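Protein sequence lines, in the order shown, are assigned to chains X and Z.
1179 is the number of the first residue of the first sequence in my numbering; add one for each residue after it.
1179 is the number of the first residue of the second sequence in my numbering; add one for each residue after it.
Hints listed in this document are in silico derivations from the structure and should not be mistaken for laboratory results.
Warning: the hint list may mix true and false statements.
One copy or two, either will do: identical chains are not told apart, so a pair holds if it fits within one copy or between any two.
Okay, derived cross-link-like pairs now, BS3-like style, lysine-lysine, Cα gap no bigger than 30 Å in a straight line [as the list claims (entries may be wrong)]:
{"hint": "1", "residue 1": "K1467", "residue 2": "K1250"}
{"hint": "2", "residue 1": "K1543", "residue 2": "K1185"}
{"hint": "3", "residue 1": "K1185", "residue 2": "K1423"}
{"hint": "4", "residue 1": "K1492", "residue 2": "K1226"}
{"hint": "5", "residue 1": "K1479", "residue 2": "K1226"}
{"hint": "6", "residue 1": "K1250", "residue 2": "K1492"}
{"hint": "7", "residue 1": "K1528", "residue 2": "K1195"}
{"hint": "8", "residue 1": "K1528", "residue 2": "K1187"}
{"hint": "9", "residue 1": "K1423", "residue 2": "K1543"}
{"hint": "10", "residue 1": "K1250", "residue 2": "K1479"}
{"hint": "11", "residue 1": "K1477", "residue 2": "K1226"}
{"hint": "12", "residue 1": "K1380", "residue 2": "K1282"}
{"hint": "13", "residue 1": "K1250", "residue 2": "K1477"}
{"hint": "14", "residue 1": "K1385", "residue 2": "K1331"}
Remember, it's a predicted structure, so these values are computed and weren't measured experimentally.
Number of protein chains: 2
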Amino acid sequence: MFKIIAKDKTTKARTGKIQTAHGEVNTPCFMPCATYGVVRTLSSEDLKDIGIEIILSNTYHLYLRPGLEIIKTFGSLHNFMNWQGPILTDSGGFQVFSMSSLRKITEEGVEFQSHIDGSRHFFSPEDVVGIQRTLGSDIMMPLDECVEYPSEKDRAKTSLELTLRWAERSKLVHSKEFIVRRQDIGMLFGIVQGGTYLDLRKYAVSKLLETDFPGYAIGGLSVGEPGELMLEILNFTLELLPEDKPRYIMGVGSPLDILNGIALGADMFDCVMPTRNGRNGCAFTSEGKLTIRNAQYAKNKSPVDADCDCFTCKNYTRGYIRHLFSLDEMLGLRLLSLHNLYFYNNLMVKIKGAIERGELSEFKKRFEEEYEGNSKCKNQISK
Amino acid sequence: MFKIIAKDKTTKARTGKIQTAHGEVNTPCFMPCATYGVVRTLSSEDLKDIGIEIILSNTYHLYLRPGLEIIKTFGSLHNFMNWQGPILTDSGGFQVFSMSSLRKITEEGVEFQSHIDGSRHFFSPEDVVGIQRTLGSDIMMPLDECVEYPSEKDRAKTSLELTLRWAERSKLVHSKEFIVRRQDIGMLFGIVQGGTYLDLRKYAVSKLLETDFPGYAIGGLSVGEPGELMLEILNFTLELLPEDKPRYIMGVGSPLDILNGIALGADMFDCVMPTRNGRNGCAFTSEGKLTIRNAQYAKNKSPVDADCDCFTCKNYTRGYIRHLFSLDEMLGLRLLSLHNLYFYNNLMVKIKGAIERGELSEFKKRFEEEYEGNSKCKNQISK
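Just chain X, same shape as in the assembly (with noise of 0.2 Å):
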């Protein structure tokens, strides 16, 4: 399932291909996300013009709407969105946590109420592959708990034990139906998690290895800790890893977290960044971000971005976007939707070539100073 490529000479970076039943994935890969089923602003064939090989879908959220009746009658989510290639689905434990609201949580699963209209529904893990079944999903994600940041220890063991009894569960009943349609059921992973403490994440680690999954997600990051303390966790658990399996960071990242994470071996990424920031009007470039709106663009005859070959950038200026912006006009937000994942795809291929050649650390010391030095944007939570 998992073939690695490239080895980088003095990073633990590596290239590699995943093999799925919608087709291959070129690793370190970022996945735009299709939270209800579409990357917001942009059609599934603006995805592959840009070059997006996999996207991330919302388990919660297509779950509640459109629900699942109507993506049966459609076959799967890819047929629903028309998107041929690979979907990742998360296990909708994330936005149960973050997003609903009475949640009760027990060894059996967990009972939530919708954030749209309050109706109670209950997700056991059993019941989450079940779900992602149903969408098609290439890569599945079993049910977990995500702690908060910070998390007393006894809360963070407590929670990693149950996440834990809940992947064996998934595994149990995701290996059933593997036998009876060995043909077309996506991959299962196992989720790393264990808050900020790393003897908890070192157990979570051994014990999923125990369960053995075709590819590893680091879960918990990103969720308010310390830039530091995140690398920190991510170097001691990819180093925990087997090397042969695929291991994704979930929801990181900015372009800085990613360059960080493929360096430490990590080979999959989704983020909501490059999409909601295009969005509120902040585009990422080889120079920083840069705020569209900003007055000084009014009459700016350049491209977003000189470096870039996306649509955007060989047809509009930024005064124009700008000015679309300024009128909350929806093409503005899609031309930098467009962008962002343009430049966040490219980022990729420009780190895979860097990685064949064995030089990712020149390349990331090179985009640092570039990007660290000269961004425009203000008011942004990440870099």
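Fit chain Z to the known structure of chain X by using the hints.
Chain Z only, in chain X's frame:
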């Protein structure tokens, strides 16, 4: 500037070509509204892909936002919005009278307050030609007053006489400019006003013919008068206009209005309907209009219009687009805007073919039967 290509056998319809500084326009043509230099949700490349040959922009809006200083920096509206095809600009008269506040009309021109920030401005007929020159308009309109429906005859007559004096002044300043810079100056059309009074319409045409314009627009329609009255005025006025000049019905209209207008000898149309309806979830189809939000489409796997070759219909189902609308996701608004504009443009293509074959009456009858017999769209102002 205008060449008739073919005439229909049994109606007054004709096909033709208008030569502009930015290329040829095949008539009859529909011009989508790029009010602020953008057809909402769509890029200029989208318009090209649909087959649009000419767009309309609004002088009043562009004068206020982004303002002429910014357009000057870019050289023209064409450059600013990256649309190198022909652009027709209106005079701003209709918008001053319908959108701005505290209007004060004098012989000299009109003073008004911006609907955006209340700032005070003044447009003379000469200013309005100058503004359209700055925009780089290919077809300009002279400042006019559009009377409300219903209007007393005295009011309509006084207003018309002012509009005609303004038309002469516009022509004068345009001719002077034309002598100075023969090459790249846009055409200036005349506008026939006169409210619902046929003798005033006749008087308007005779005066405008004396001044002599390369094309004539019919204004003051679709402002609330009954459909039959509109057709009567149209029929009457179009009869009076010279055959060898293009005839433009401003702000019209629905597919059936346009079809009627063409049968009466009109060549050019503009309307916000395809894009505005698209954003409201109403799609034009060969079987009438369709409200995509209706629950009945939730599991519908058909395209919006089975007869349509647009991007939306080739790639997405009613069920998916309904899902996007229930999320208030911009992609939905965009997909229906694209489809509706394609529908309008494709209707023009079909009409041209029917005229060339001398079969417009048959085409019109068939279209009306299919379209009117099945309309599924509720609560829409016009068909």
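Checked hints:
Taking the shortest Cα distances, K1467 and K1250 sit within 30 Å of each other only across copies (28 Å), while inside one copy they are farther apart (41 Å). For a Cα distance limit of 30 Å, the shortest separation of K1543 from K1185 inside one copy, 18 Å, qualifies, whereas the shortest one across copies, 69 Å, does not. With identical chains, the CA atoms of K1185 and K1423 are at most 30 Å apart within one copy only, with a shortest distance of 14 Å there and 71 Å across copies. Within a single copy, K1492 and K1226 get their C-alpha atoms as close as 17 Å, and across copies as close as 16 Å, so both meet the 30 Å cut-off.
In this homomeric assembly, K1479 and K1226 come within 30 Å of each other (Cα to Cα) both inside a single copy, at 28 Å, and across copies, at 22 Å. For a Cα distance limit of 30 Å, the shortest separation of K1250 from K1492 across copies, 21 Å, qualifies, whereas the shortest one inside one copy, 40 Å, does not. Proximity of K1528 and K1195 under a CA criterion of 30 Å is satisfied intra-copy only: 16 Å inside one chain copy versus 49 Å between copies. When the C-alpha separation of K1528 and K1187 is checked against a cutoff of 30 Å, the pair qualifies only within one copy, where the shortest distance is 16 Å, while the shortest distance between copies is 63 Å.
When the C-alpha separation of K1423 and K1543 is checked against a cutoff of 30 Å, the pair qualifies only within one copy, where the shortest distance is 27 Å, while the shortest distance between copies is 66 Å. For the homomeric pair K1250 and K1479, the shortest alpha-carbon distance between copies (12 Å) is at most 30 Å, but the shortest distance inside one copy (48 Å) is not. Taking the shortest alpha-carbon separations for K1477 and K1226, only the inter-copy value of 25 Å comes in at or below 30 Å, while the best intra-copy value is 32 Å. Only within a single protomer do K1380 and K1282 lie at most 30 Å apart by alpha-carbon distance; the minimum there is 28 Å, versus 78 Å between protomers.
Proximity of K1250 to K1477 under the C-alpha cut-off of 30 Å is restricted to the inter-copy arrangement: shortest distance 9 Å between copies versus 50 Å within a copy. Proximity of K1385 and K1331 under a CA criterion of 30 Å is satisfied intra-copy only: 18 Å inside one chain copy versus 89 Å between copies.
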